[in-house]
Amino acid sequence: MPWKTLPVSFLEIKQIEVLKGPASVIYGFNAFDGVINIITKDPRDMKGTTLQAGAGEYGTVRTAAIHGGKAGDVGYRLSIGHDQQQQWRDRNALAFRADRFNGQMNYLFNSGGMVRVEGGVIDANRADFSSGDFLRLNSPYTLSYTRVAYERDDFFVRASWSQNNVSNSNETVPALAPFVVSGDKNGNPFNIPFLTNSYDLVSQYSHAIGSTHRVTLGANYRHNTLSGTAVSGLSQENRFGVYLQDEWRLLQTLTLTAGIRMDTHSEIDPTYSPRVALIYAPHPNHTFRLSGSVAYKPPTLVETNADLRTTTTIFGFSTTNVGQGSHTLKPERITSYEAEYQGWFLDHRARVRLTVFDNHIADIIEAVGLSPTFGTWMNVPGVADIHGAEAGLEFLPASWLKGYVNYSYQSISQSVTGAARRGGPRSTVNGGLRANWDNGLNADAAVHYVGGASYPIRTEIYSTFSTIGLIPSSAIPSERVDSYTLLNLRGGYRFWNQRAEVAISAYNSLNDRHREHPLGDTIGSRVMGWFTLTL
Numbered sequence: 025m026p027w028k029t030l031p032v033s034f035l036e037i038k039q040i041e042v043l044k045g046p047a048s049v050i051y052g053f054n055a056f057d058g059v060i061n062i063i064t065k066d067p068r069d070m071k072g073t074t075l076q077a078g079a080g081e082y083g084t085v086r087t088a089a090i091h092g093g094k095a096g097d098v099g100y101r102l103s104i105g106h107d108q109q110q111q112w113r114d115r116n117a118l119a120f121r122a123d124r125f126n127g128q129m130n131y132l133f134n135s136g137g138m139v140r141v142e143g144g145v146i147d148a149n150r151a152d153f154s155s156g157d158f159l160r161l162n163s164p165y166t167l168s169y170t171r172v173a174y175e176r177d178d179f180f181v182r183a184s185w186s187q188n189n190v191s192n193s194n195e196t197v198p199a200l201a202p203f204v205v206s207g208d209k210n211g212n213p214f215n216i217p218f219l220t221n222s223y224d225l226v227s228q229y230s231h232a233i234g235s236t237h238r239v240t241l242g243a244n245y246r247h248n249t250l251s252g253t254a255v256s257g258l259s260q261e262n263r264f265g266v267y268l269q270d271e272w273r274l275l276q277t278l279t280l281t282a283g284i285r286m287d288t289h290s291e292i293d294p295t296y297s298p299r300v301a302l303i304y305a306p307h308p309n310h311t312f313r314l315s316g317s318v319a320y321k322p323p324t325l326v327e328t329n330a331d332l333r334t335t336t337t338i339f340g341f342s343t344t345n346v347g348q349g350s351h352t353l354k355p356e357r358i359t360s361y362e363a364e365y366q367g368w369f370l371d372h373r374a375r376v377r378l379t380v381f382d383n384h385i386a387d388i389i390e391a392v393g394l395s396p397t398f399g400t401w402m403n404v405p406g407v408a409d410i411h412g413a414e415a416g417l418e419f420l421p422a423s424w425l426k427g428y429v430n431y432s433y434q435s436i437s438q439s440v441t442g443a444a445r446r447g448g449p450r451s452t453v454n455g456g457l458r459a460n461w462d463n464g465l466n467a468d469a470a471v472h473y474v475g476g477a478s479y480p481i482r483t484e485i486y487s488t489f490s491t492i493g494l495i496p497s498s499a500i501p502s503e504r505v506d507s508y509t510l511l512n513l514r515g516g517y518r519f520w521n522q523r524a525e526v527a528i529s530a531y532n533s534l535n536d537r538h539r540e541h542p543l544g545d546t547i548g549s550r551v552m553g554w555f556t557l558t559l
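Under the numbering used here, the sequence shown is numbered contiguously, ending at residue 559.
Hint data in this document are derived by calculation from the structure and do not stem from the laboratory. Possibly wrong hints are sitting among the right ones.
As the list claims (entries may be wrong) - For lysine-lysine, the following DSS-like pairs were computed, each having C-alpha atoms within a straight-line distance of at most 27 Å:
1) K209 <-> K354
2) K28 <-> K65
3) K28 <-> K38
4) K94 <-> K65
Produce the entire structure from the sequences given, and follow the hints as far as they go.
Take a look at the structure:
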């Protein structure tokens, strides 16, 4: 998920929770291989007005203005912002520019419940990125959303609506631009409209039964629509799910969590997603966990309803390939097993995490060319198995200093072929230190090492033109991406009773020029200056 597309600024984010592995029992189809939960700050935690501006290389601008407060039992927060930056490959060309607005209001009841209403919009008139095959997309969009919720400790009900209005232009990569045009069902490659709407209703209730059981049950309904000139009419789907989970304390040191979810979907048969976890805590500072789960990912509205045209011209003769969605797809399925240890040491000044995992993915959905003139989406034969391990350490050596280091390893074995293959680095290493001194100075340093990796791309279209001499063999992209190391630095100084800060940040300060995808831009370093003021 591109962080720039969030309708809130970083200043409004309280914390980010990452749940790795399938979590469909509670979260449904959207949690096929993990959940990123972004929690924003309560309006009462942002009293007053906060202004932030950052500017730097590649025409980068980041601005935000936030005002929050409370009136009796009502808390409120309003924010606006503007972001923009130039392309890595061309400093004179715009890559992204967007304006955003977000508002939230909540009301606290004396009983402890809360009603929350929020909404926002982000309007981007330029959004440049690579599709991963042979196209570069400029996809200006307007993303709008609103949410209403009632929440208390043991119960919540939430309703939301979101809309994404996109105008997409397909720009063929330079090597193939004279020969290939990809567009909507009319063959038009420019300003292709896509309009998506999503309506969601979810409710959950938890109840303790004695001292050994805590039962959670819930249900959700979602209605999605997609329209535009690159899909067949108004495409829509309905999703409904119910789930039940029980946390059973077998012993003082042993807890079994078991749950199951049933989902119905207008395009596929009902699915059942179980999850079981056994947690052993022989000491308050040491926990062992074993878990297993199954999750499903249904086909998207694009995969079921796309209607595309790609025209190839060779020596004056043109052939048009029709790409259409399929209504016979099965959901992708993942089966996951995980073992984890977490331990606290040195009076909770150090935390160690060790994890091993195994993921088995089947029924992978991929676009397939069945003939020179027709393609569709299919569940391709074969499976992908991803095995790995992670180790991490977080430490607090002093009240003014904290740090972390972690390592992850994964091995991918698979029988799927072509673009359906899974790709990624075998090893990654991260480490960082953050210091805050009483005199107002603060500093951050973070190192990220990503090992070399291969990412599947459709090189056959390049090979076809190279074989007949229309493009050089050097124009065929390699699936391989070299390893790279990022050193990100930031230093700041707070003054005026901690209400103002000036800072400078350096992304990729060693200027390790690299690509993170075979068709991505070459990324270098970027230095920015920041000013933040709270009134």
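Right, here's what the structure says about each hint:
1. K209 <-> K354: holds, 25 Å
2. K28 <-> K65: holds, 18 Å
3. K28 <-> K38: holds, 17 Å
4. K94 <-> K65: holds, 13 Å
In this structure, every one of the numbered hints holds.
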